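Visitor: This is what each chain is made of:
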Amino acid sequence: MISVKKVTKKFGKLTVLRGVDCEIKKGEQVAIIGPSGSGKSTLLRCMNLLEIPSGGEVWLEESLISAPDPYLHPEIIKESSTYKTLTKNGAEDACELIVNERKLKRYEGLGFSGALKSYTAEHGIGINSARQKMGMVFQHFNLFNNMTVIQNLTLAPVQLKLKTKEEAEAKAMELLRRIGLEDKRDEYPSKLSGGQKQRVAIIRALAMDPDVILFDEPTSALDPEMVGEVLDLMKSLAKEGMTMVIVTHEMGFAREVADRVLFIDEGVIKEEGPPSEIFDNPKNPRLKDFLSKVL
Amino acid sequence: MDFFDNIVRLLTTEKYMDMIYQGLETTLTVSIFAAILGLLIGTVVAIVGISGNSKWMLLPKLICKIYVTVIRGTPMALQLFIMAYAIFAIRGFPQEITAIVAFGINSGAYVSESIRAGILSVDIGQTEAGRALGLSGATTMIRIVIPQAIKNVIPAIGNELIALIKETSIVSMIGMYDLTQAAKIIGSGTNMASYIVPMSVAACFYLAIVYILTFGIKFIEKRLRAGDKR
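As given, the protein sequences belong to chains A and B, one line each in that order.
Each residue of the first sequence is one higher than the one before, counting from 10 in our numbering.
Each residue of the second sequence is one higher than the one before, counting from 217 in our numbering.
The following block holds chain A by itself, in its conformation from the complex:
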């Protein structure tokens, strides 16, 4: 469903992601774990382009949602003036050389820009339409403070003309009943507890009928006694087969819910596999060290 191809992310001089490849399949629950500062949240935010990758590509189904990365496409590299100069000077594997040494310059001639443009036109979709299919749940909930619960739930579906106001409200009430907060429909977020806020944030994502939901440390900002209610809701979503990508520190939850666990450290995926493998039989020394600290 989501393909992350050789994604890198730099913040100024700091490199957070150093070429991450991963594939999220439909109906799969993937947990991303790793020490803080390892780039796990950045990877998640690159998936819906809240962070624009510095390199690499992000695909949703068959559509390119990031900018195309010329280094992944030899046919585009062949349009570049660097490639043409190198071949003229007799270099044999000019393409390989360019990829390995990241030789492309800022401007590579009209043919190259045109090739990039036509590639985007052929495969790309607008980021806003891609995000409609990718829900996101944040660490700090980010409910719209100037709106009531029901307005939070109906704003996007109505604004984006996916539903009429009546349909959106009916769906919102159905979701509110599911989490047992139908009496809070006209409250402002400031009147809700942390756990309630996060559950409303989750159903706000669900109200868009997304294909996948990205969770960015959904329980890290909660009081301990509220973690359970949020995790329970996420578990029930998992049971229904919702595709979920979850950055989490809750190892017990990751083990129970995830089909697959990615361990990220220093901006690369150091190890991945089913939770039983990752937690009971870790191979990477950094993962062993990490688990010994958190378990």
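Since the hints were derived computationally from the structure, they do not count as laboratory data.
All of these numbers come straight from a predicted model, not from anything done at the bench.
From the three backbone atoms N, C-alpha and C, an ideal C-beta is built for every residue, glycine too.
Some clues are possibly wrong.
Taking lysine-lysine and the BS3-like style, the derived pairs with C-alpha atoms no more than 27 Å apart in a straight line are [as the list claims (entries may be wrong)]:
| # | chain 1 | residue 1 | chain 2 | residue 2 |
| --- | --- | --- | --- | --- |
| 1 | B | Lys-367 | A | Lys-200 |
| 2 | B | Lys-271 | A | Lys-193 |
| 3 | B | Lys-271 | A | Lys-22 |
| 4 | A | Lys-126 | B | Lys-271 |
| 5 | A | Lys-200 | B | Lys-434 |
| 6 | B | Lys-367 | B | Lys-382 |
The following label-pair restraints were derived from C-beta to C-beta distances [said to hold, decoys possible]:
| # | chain 1 | residue 1 | chain 2 | residue 2 | range |
| --- | --- | --- | --- | --- | --- |
| 7 | B | Glu-437 | A | Lys-170 | 33 to 43 Å |
| 8 | A | Lys-93 | B | Ala-354 | 33 to 43 Å |
| 9 | A | Glu-84 | B | Lys-281 | 37 to 47 Å |
| 10 | B | Ala-293 | A | Asp-232 | 52 to 62 Å |
| 11 | B | Val-260 | A | Asp-232 | 36 to 46 Å |
Given the structure of chain A, go ahead and fit chain B onto it with the hints provided.
Guide: Okay, now just chain B, sitting in the frame of chain A:
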């Protein structure tokens, strides 16, 4: 009791009161329209200022930056003179418009900084949540960020309006007849031959305007904060 007798004399003499009202009218006209112009300019400049660094925005951003720097870095009186004696130095050009434009442009620079600060004070997570739902940048700004920013901006804007009203008293420097100028003329030798009385009356009018404005701002602020915790 000479002072109070003179106050009563001023307030009951039709000629003097006409002069006061005429001055008051200029002061209010210039203040109100300059405030509206300032808010418009300030909002546009603030939005340009916080917009992304795409290549299309570089020139507008630079222009806005220069505008704010120059206007905040030079005296208001000088800006008014330039407007009156250089830019609008046209015979018969209405002075009110000169003053409105000069004060509007001046106010816009200050207002833009307040609005920019107000928008930046809204947690970035609000924008991210809007964008993550697939809403466009403009919709997110209009439906989510600006309604929250307004609450934070109102006190600063109120301050700016108050300063603006009082600052308009310098329009007499380009020969306009405002409240301050009216008081000065009433106090001169050909009239009451006492400055303290008309000046005190003018001061009371300024105070009253500012007080009403402050009250209005407090009221709006209270209404907007109804849904908040604090």
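Visitor: Each hint needs a verdict: does it hold in this structure or not?
Guide: Against the structure, the hints:
Pair hint B/Lys-367 plus A/Lys-200 holds up; C-alpha atoms about 19 Å apart against a cutoff of 27 Å. Restraint check: the Cα-Cα separation between B/Lys-271 and A/Lys-193 comes to about 45 Å, which exceeds 27 Å; the hinted pair is violated. For the hint pairing B/Lys-271 with A/Lys-22, the CA-to-CA distance comes to about 22 Å; that is within 27 Å, so the pair holds. Note on A/Lys-126 and B/Lys-271: the hinted pairing holds, with a Cα-Cα distance of about 17 Å set against a maximum of 27 Å.
Simply put, A/Lys-200 and B/Lys-434 have alpha-carbon atoms about 24 Å apart, close enough for the 27 Å limit, and the pair holds. For the hint linking B/Lys-367 to B/Lys-382, the alpha-carbon distance of about 24 Å falls within 27 Å, and the restraint holds. With their beta carbons about 35 Å apart, B/Glu-437 and A/Lys-170 fall inside the hinted range of 33 to 43 Å. Distance hint for A/Lys-93 and B/Ala-354: a CB-CB separation of about 42 Å, consistent with the stated range 33 to 43 Å.
Between A/Glu-84 and B/Lys-281, the C-beta spacing of about 43 Å keeps the proposed range 37 to 47 Å intact. Separation of B/Ala-293 from A/Asp-232 is about 58 Å and conforms to the stated range, judged on CB atoms against 52 to 62 Å. Checked against the given bound of 36 to 46 Å, the beta carbons of B/Val-260 and A/Asp-232, roughly 44 Å apart, stay inside it.
The earlier numbered hint that this structure contradicts is number 2, and it is the only one.
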